[in-house]
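Fit chain B to the supplied structure of chain A, relying on the hints for placement.
There are 2 protein chains.
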Amino acid sequence: MANSQFLEGGGLTSPQGFAATGVACGLKKNGQRDLMLLVADRECAAAGVYTRNVVQAAPVLFTRKRTRTGRARVVVINAGVANACTGDEGMARCEAMASAVSAAVGVSGDLVLVCSTGVIGRQLPMDLITAGIHAAAPLVSTDGGHAAALAIMTTDTHPKEAALAIATEGGTVRIGGVAKGSGMIAPNMATMLSVLTTDAQVEPRELQRVLTAAVDRTFNRVTVDGDTSTNDTVLLLASGAAGVRLQRGTADFAAFEEGVEVICTQLARAIARDGEGATKLVTVQVGGAADIAGAETIARTIANSPLVKTALFGNDPNWGRVMMAAGRAGVPFDPTRVDLDLAGIPVVRSGQPVPFDIDIASAALKATDVTVALTLAEGEASAECWTCDFSYDYVRINADYTT
Amino acid sequence: MANSQFLEGGGLTSPQGFAATGVACGLKKNGQRDLMLLVADRECAAAGVYTRNVVQAAPVLFTRKRTRTGRARVVVINAGVANACTGDEGMARCEAMASAVSAAVGVSGDLVLVCSTGVIGRQLPMDLITAGIHAAAPLVSTDGGHAAALAIMTTDTHPKEAALAIATEGGTVRIGGVAKGSGMIAPNMATMLSVLTTDAQVEPRELQRVLTAAVDRTFNRVTVDGDTSTNDTVLLLASGAAGVRLQRGTADFAAFEEGVEVICTQLARAIARDGEGATKLVTVQVGGAADIAGAETIARTIANSPLVKTALFGNDPNWGRVMMAAGRAGVPFDPTRVDLDLAGIPVVRSGQPVPFDIDIASAALKATDVTVALTLAEGEASAECWTCDFSYDYVRINADYTT
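Here the protein sequences come in this chain order: A and B.
Going by the numbering used here, the first residue of the first sequence is number 8, and it counts up by one from there.
Going by the numbering used here, the first residue of the second sequence is number 8, and it counts up by one from there.
With the rest of the complex left out, here is chain A (with noise of 0.2 Å):
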């Protein structure tokens, strides 16, 4: 990307105008940081990206209320408890918890913002978060972005951050992020909660549109159409504070929307590669496909089939399984002119098996990082998507998450 840069351990308080921490409020039984505060020095312009779950959390139907606004100052996570399924005393619930963000930092309850995440059905024990926002209000600094990351983890095995610097005409910008992951990334997400924090000045309306886009591309490229938890949300909120007014049709506000969207893909990446169990990163890529819907649909039923997943993780160039994957999407093709590669090693030509060696495949396969590239000759259009491979420790990890 032209004249930007990655801020090499940046994250959400690597723009200007933004303070954080993360502590432990006592939701987590091990102890570690699990509420998250994020305070602007100023009121922001902000935008928001929620669950398409007719099951929505409390959290998610107050904070999509708050960002229909365009206004907020303020971000508070925890991490547990996901105040879903818990009718109006979880909503009330929510509120408090605003309401005492509002008080212990000092800024209008109406621009404060609420996610949560972790089990279902429990209700969030005021008692701990309420003393959990009071401890952090005063810990929250402009190097706090690291400590944040860390407690809005449930099963991530590490916090997953991004930044990076955009040279504008009027000055430099940046953009910083940070995300947890779902329990597994497809078919079914547990909750992915993301908040990117920017300096530029953009209006609220355009800062809506810019996160809109890159989510479409790239968090919900990791996700199935659809399967979106009761919790997911992803916030996106512009200081100003770098003193750079960014318009459309501008080629720094293009900069600035194609910035938006290289920090959502690392943050999507690095979720889909530490999915639960997951010992690789897999990026399905399907081209040659008559439009970018169909495409997309196609590599996504691969990317969440159970039978693709395991022969990943076992390393297996059973090549059937994608074709098959590929054949239950729902998109027409001609499977007779379909060529396949797994792991850049040539399976399938023109929808008939290619020779190859297997222990060659096999060792090829083992890489943490793999693709599978399926190309159709429907037309032009491709499409990419994210998963991880699926393993015993995932079904360790979800077989006893309550009990």
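A few of these clues could be false.
Because identical chains share one entry, a pair is satisfied inside a single copy or across any pair of copies.
To be verified - Below, simulated SDA-like cross-link-like pairs (lysine to any residue); rule was C-alpha separation at most 25 Å, straight line:
#1 Lys72 / Thr219
#2 Lys373 / Asp400
#3 Lys72 / Arg216
#4 Lys36 / Leu68
#5 Lys72 / Glu210
#6 Lys36 / Ser369
#7 Lys72 / Gly33
#8 Lys36 / Thr304
#9 Lys72 / Ala370
Simulated from the structure, these hints should not be mistaken for lab results.
Nothing here was measured: the structure is a model prediction, and the numbers come from that model.
Leaving out everything else, chain B in the frame of chain A:
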């Protein structure tokens, strides 16, 4: 079912006019039976239901065309090689397989149906297949149904057979059937094959209608909509050997329809219970839906959720995952009016958690038959589907299927 009774130990050859066997021709590495032959003593009315996968194996293309004539007399099935993604050569070998059967049993080639199941992308070893067919031909017998059931197994842990007799006005008719399981039932079924026989006399067109309706409510309730493999096939042959002609509109015909559905249900549930690595049969019931299609979609989405299935394996009453899966099915409903029971224990009423004893619930989930019952408040429609839990063994079985 009035006027009908299960035939203990019955199967494919319980109806009159059918002889069968299963032999080992060397496709299975362990030397077990891998070739099934069913021969009727006369030309039969024949019906077939096939995979909806875009990628269809040669025997599916071949047999579908044959059953359009409504007549057949012989079914040959091999296990071990699916003859899918094998191009023109695969079709030629499928035709050669039918010709070999025709010669071996002395039946016109037009009346031979072929099914294959196993690894995709490998050509049939015709020397083994042909030798197997010639070995099997003289062995077919009216008590060979069980050997046939053994010969079509792949990762099945036991054979699947059922038969019943119906007392009609014109005398007794019998329906028998055999099935082989799918690797995992849902969402990404390996090949499911089933062959049914009856000694009733039924017109081919009526036979097809009966089979299509029964499959829709039974075998298709074990799979995700469209999630059929490259080879899935269900066949029904009616010999008429009982000398009882059944015509639509009569009570006897209705009893026959019901009988076919009962046999399909038995076999479908047996397949679900024997899913790869399964420790239990899971019945997902969705009631109170606006329409049957919606109820079915929600039931299937729950039944296909890896997070739900791993929780059931772990006997973890993590009902939030059921709510999440229901919510992502794409069918609108009011989540605040939902009731949910796990293994008969109320866990959600009117969308809110009901306190329950987690140890009692976990113990109840240890049963080999577990029901997940979700009741919406949208209407009167309901649907049921069957699946299994998702265990370590599923991963083990599938991680190195071909290597």
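Each hint tested on the structure:
no.	hint	verdict
1	Lys72 / Thr219	within (16 Å within a copy, 48 Å between copies)
2	Lys373 / Asp400	both (17 Å within a copy, 21 Å between copies)
3	Lys72 / Arg216	within (17 Å within a copy, 51 Å between copies)
4	Lys36 / Leu68	neither (27 Å within a copy, 57 Å between copies)
5	Lys72 / Glu210	within (18 Å within a copy, 62 Å between copies)
6	Lys36 / Ser369	between (40 Å within a copy, 21 Å between copies)
7	Lys72 / Gly33	neither (28 Å within a copy, 65 Å between copies)
8	Lys36 / Thr304	neither (39 Å within a copy, 37 Å between copies)
9	Lys72 / Ala370	neither (50 Å within a copy, 42 Å between copies)
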